[in-house]
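The chain contents come next:
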Amino acid sequence: MWSRRGAAPNFRIVIIVIKLAKVKLHFGSKPPSQAGQVTPDHVSFAGGCPNPDMFPFASVTVALKDGRNLKIDGDLLKKSLQYGSSEGLPELINWLKVMQKTLHNPPTWTNKPEQGGTELCITTGSQEALSKVCGMLLTNDDTIITNSYVYTGVLDNLRPMGVRFLTIESDESGMLPAALFKALSSFQPTHRPPRVIYIVPNAANPTGVTLTLERKELIYQIAKEFDLLIIEDDPYYFLQFNKSRIPSFLSLDTDGRVLRADSFSKVLSAGWSHSHALPRTGLVQAVAPLFSLPGPSEEEGFRLPHADQLVAARLRALGRFPAQDLGPSRRSSGFEGRVRETRAELRLGFLTGPKMLVHNVILHVQVSTMHCNMLSQVLVLQLLQIWGLEGFLEYTNKVSDFYQGQRDLMMESAHRWLNGLAEWNNPQGGMFLWIKLAGITDTYDLVMRKARDNKVLFVPGRAFLPDNTMPSPYVRASYSLPSQLQMDKGLKILAELLKNVER
Amino acid sequence: MWSRRGAAPNFRIVIIVIKLAKVKLHFGSKPPSQAGQVTPDHVSFAGGCPNPDMFPFASVTVALKDGRNLKIDGDLLKKSLQYGSSEGLPELINWLKVMQKTLHNPPTWTNKPEQGGTELCITTGSQEALSKVCGMLLTNDDTIITNSYVYTGVLDNLRPMGVRFLTIESDESGMLPAALFKALSSFQPTHRPPRVIYIVPNAANPTGVTLTLERKELIYQIAKEFDLLIIEDDPYYFLQFNKSRIPSFLSLDTDGRVLRADSFSKVLSAGLRLGFLTGPKMLVHNVILHVQVSTMHCNMLSQVLVLQLLQIWGLEGFLEYTNKVSDFYQGQRDLMMESAHRWLNGLAEWNNPQGGMFLWIKLAGITDTYDLVMRKARDNKVLFVPGRAFLPDNTMPSPYVRASYSLPSQLQMDKGLKILAELLKNVER
Chain A
1 MWSRRGAAPN FRIVIIVIKL AKVKLHFGSK PPSQAGQVTP DHVSFAGGCP NPDMFPFASV
61 TVALKDGRNL KIDGDLLKKS LQYGSSEGLP ELINWLKVMQ KTLHNPPTWT NKPEQGGTEL
121 CITTGSQEAL SKVCGMLLTN DDTIITNSYV YTGVLDNLRP MGVRFLTIES DESGMLPAAL
181 FKALSSFQPT HRPPRVIYIV PNAANPTGVT LTLERKELIY QIAKEFDLLI IEDDPYYFLQ
241 FNKSRIPSFL SLDTDGRVLR ADSFSKVLSA GWSHSHALPR TGLVQAVAPL FSLPGPSEEE
301 GFRLPHADQL VAARLRALGR FPAQDLGPSR RSSGFEGRVR ETRAELRLGF LTGPKMLVHN
361 VILHVQVSTM HCNMLSQVLV LQLLQIWGLE GFLEYTNKVS DFYQGQRDLM MESAHRWLNG
421 LAEWNNPQGG MFLWIKLAGI TDTYDLVMRK ARDNKVLFVP GRAFLPDNTM PSPYVRASYS
481 LPSQLQMDKG LKILAELLKN VER
Chain B
504 MWSRRGAAPN FRIVIIVIKL AKVKLHFGSK PPSQAGQVTP DHVSFAGGCP NPDMFPFASV
564 TVALKDGRNL KIDGDLLKKS LQYGSSEGLP ELINWLKVMQ KTLHNPPTWT NKPEQGGTEL
624 CITTGSQEAL SKVCGMLLTN DDTIITNSYV YTGVLDNLRP MGVRFLTIES DESGMLPAAL
684 FKALSSFQPT HRPPRVIYIV PNAANPTGVT LTLERKELIY QIAKEFDLLI IEDDPYYFLQ
744 FNKSRIPSFL SLDTDGRVLR ADSFSKVLSA GLRLGFLTGP KMLVHNVILH VQVSTMHCNM
804 LSQVLVLQLL QIWGLEGFLE YTNKVSDFYQ GQRDLMMESA HRWLNGLAEW NNPQGGMFLW
864 IKLAGITDTY DLVMRKARDN KVLFVPGRAF LPDNTMPSPY VRASYSLPSQ LQMDKGLKIL
924 AELLKNVER
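Taken in sequence, the protein lines are chains A and B. Under the working numbering, read the first sequence as residues 1 to 503, first letter to last. Under the working numbering, read the second sequence as residues 504 to 932, first letter to last.
Treat the hints with caution; some may be incorrect.
What the hints assert, rightly or not - Here are some chain B residues the structure puts well away from chain A; computed CB gaps all over 10 Å:
no.: 1; residue: D544
no.: 2; residue: H545
no.: 3; residue: A549
no.: 4; residue: A561
no.: 5; residue: K568
no.: 6; residue: G628
no.: 7; residue: E631
no.: 8; residue: G656
no.: 9; residue: D659
no.: 10; residue: K685
no.: 11; residue: Y723
no.: 12; residue: K769
no.: 13; residue: L804
no.: 14; residue: Y873
no.: 15; residue: F887
no.: 16; residue: S907
Stated by the list, open to error - Among the chain A residues that face chain B by a calculated CB cut under 7 Å, a handful are:
no.: 17; residue: A46
no.: 18; residue: T124
no.: 19; residue: K224
no.: 20; residue: L457
no.: 21; residue: A477
no.: 22; residue: Q486
Calculated directly from the structure, the hints in this document are not laboratory data. Glycine included, every Cβ here is placed at the ideal spot set by N, Cα and C.
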């Protein structure tokens, strides 16, 4: 992909990247390091930085549960409190690069950028990475390939953008390669052919499904065949119960077509986040992807794949609110406002992928959040340095063991109460049980009203459909928090509701 | 603006807001509190959240320079590692609302949302607020009104969007209202008329100019006349040398047309990435929605830390502290002005900043400072920013350089400006 240049449809990715590169060169804010290294004998009037002596903090001490302390003071504290570079704290990037090399050994690791060489940057949660990657790669002319059920945080980015979904069947081992191949071979291009596939390979939210290595390899081959980019969203990577951990898409990536989003949210910090599927009224692009339209002309100039543009164009119909133009996929029906998913408080994730693409994400970070907050980065770096990679992996094994224990308890409760009333998966990682309620076409009503009235909360499967007005017989049940008593109590209530349901 | 409905071009903002409102009502996410409170007798399998026992932190202690300590542990630590709504930590929002009411007393404070009532949310730096506000309000059909020189963080958002710039002349007191009026009256709409004006009212980056209250009032009147939204970007608000602080646009905002971005970066910490947006509820709400799908929320640790600090200090203590910070920058400005007089007399002109950290120097006899700054000065180990970097069209020449006096010592100021002076003397004219 990276070595072949041409205008044939299969190489649109190449064209995109070349244009992204051109845009960067044309407009690019110079990365901070190009601003000129400041040494002690330089006099700099250049930086718009505040004076760090004018910050009121003297030190930050973090006590760990294992009894050790992390202390951040002196120069390290100054660093934590001052502006940083958009790609992230260099020492943290380097530590994480060692980790990625050790765990995934990406085939393109040492390639030149033009050959898809790998780069890594820190983001404000992997959510920010996903949001910016989607914005970089997709427009309202595009179709993205996903499973039938998709993480709402990604749906909420894509739907307002007007991106279409090509959903592929899966089974208990993940997406079906045959179905993927068939769908791509027979794709009728009323719009641009799909170029991007989004996959959560381990303990996917909401289905809990883990892709086998065999499936990954087949999917990667198909991605080669159809020249797709792969967004590997892997927040539960360290929550795999099988400690040898299945090799990632990144580890298979001989072509440099994988953008991998990692997260510390499940292992270093807990928290609540919101998964409201709500209209997103604008996405600022630092670099507008210069996707060419099908046809001979590649020199398109700027295009703005802007949700905002879409909205503005529609609103310009004076005196009329064209609600019908917005389409069912553009908005949620609102019930997801009641879904509360949570994400980490440190807001720290990282993106690994082809340098040219990661670089454009960094540019976008530069003009929006500027950088992930320094205190979190320094804190996590300290922690990782104290632990070392081995210590970190030991720790994640403990976390994984905990969730495995929770899964076991949940499966017990499910067997105890739901036999004959429902079917469910056997998660190989993560925190979600995906339950199919027998004889029920759509679980929305049962979950959002009856179950709620009986003080037990699930998420209706429908929330995770690209078109969330469609029915779903599934509910997602997280076993992360409840005790065994609570699991029993909750699933017993569900069982009673199911028995009472009119069929 | 908020009470008049119609389809005339001047009220596009109204239409947009009404439609945004309709969208919200039609599809609306219910605010988190309506999601159904989870009580101890609920069993929740709903949240996709990790188990809080599975993280390694026991407590966070922050020592302040004044000797006091902030400790975050137990339930507060759980809170800082658990709950995060996209609008921000509720206690911090409330504290900041009290501050905004005290400092600005926005006229629309208690208005209903449909009447432009005010709301506040926390953002990952005021940069995030600006980025999302620009994305919300502008398209490549739009023109934004700005000064001639603009903060690069905003240029870098707007230029890739294809937004056009209508730049207005200014003098040492800020944007010239007459020039603004004239430009708007004579605007030839090949595209949509401008609806948004972006202003840094205090110690603007890069010019260091502070808008007088009189100018603000005139500009506000013109904004009324032409139905503009005002983006008030005010990161140097607490760095005004005049401690009585000039009233903000927010304090004049009877119409609910001001979106104000505040920042802690210059007074508490830049690295914590904590800012806040104050403005009409309906517009702030849409920013919150965008935060929700991108960063999710400003990181909780920073929010909790800052909240603790502000609670220990109280508003009075915080303002006392900011006065000290302002005094420091005033001292730096004095030293910088001394050095400038010492070395640059006859070779350059410069402003007298009433706040902030920037000296804006016009190099005599030089059309464009780029070369001098980026090559000659750099080779001589002194760094400035060429004025051109702050022009919407940064290929145009500029005779200015921006010099920050935030960090250098007096010795360094002398050394640096002396080198500049020598370069200027040697320049072929």
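Outcome of the hint check:
1. D544: Non-interface label fails for D544 (chain B): nearest chain A Cβ at 6 Å, not farther than 10 Å.
2. H545: Check fails; 5 Å does not lie beyond 10 Å.
3. A549: violated, 4 Å
4. A561: Given that some Cβ of chain A is not farther than 10 Å from that of A561 (chain B), nearest at about 4 Å, it is violated.
5. K568: The assertion about K568 (chain B) is violated, with a minimum of 5 Å to chain A.
6. G628: G628 (chain B) is in fact no farther than 10 Å from some Cβ atom of chain A, at 6 Å.
7. E631: Nearest chain A Cβ is 5 Å from E631 (chain B), so the label is violated.
8. G656: For G656 (chain B), whose nearest Cβ neighbour in chain A is about 6 Å away, the distance does not exceed 10 Å, so it is violated.
9. D659: Its Cβ does come within 10 Å of chain A, the nearest being 4 Å, so this is violated.
10. K685: It holds; K685 (chain B) is separated from chain A by about 27 Å at its closest Cβ, greater than 10 Å.
11. Y723: Consistent with the label, Y723 (chain B) stays out of reach of chain A, its closest Cβ about 25 Å off (over 10 Å).
12. K769: About 4 Å separates K769 (chain B) from the closest Cβ of chain A, which leaves it inside 10 Å; violated.
13. L804: violated, 6 Å
14. Y873: Answer for Y873 (chain B): holds, closest chain A Cβ roughly 13 Å.
15. F887: violated, 5 Å
16. S907: violated, 5 Å
17. A46: A46 (chain A) check passes; min Cβ-Cβ to chain B is 4 Å, inside 7 Å.
18. T124: holds, 5 Å
19. K224: violated, 31 Å
20. L457: For L457 (chain A), the interface hint holds, since the closest Cβ of chain B sits about 4 Å away, which is under 7 Å.
21. A477: Holds - the Cβ of A477 (chain A) comes within 7 Å of chain B, reaching about 4 Å at its closest.
22. Q486: holds, 5 Å
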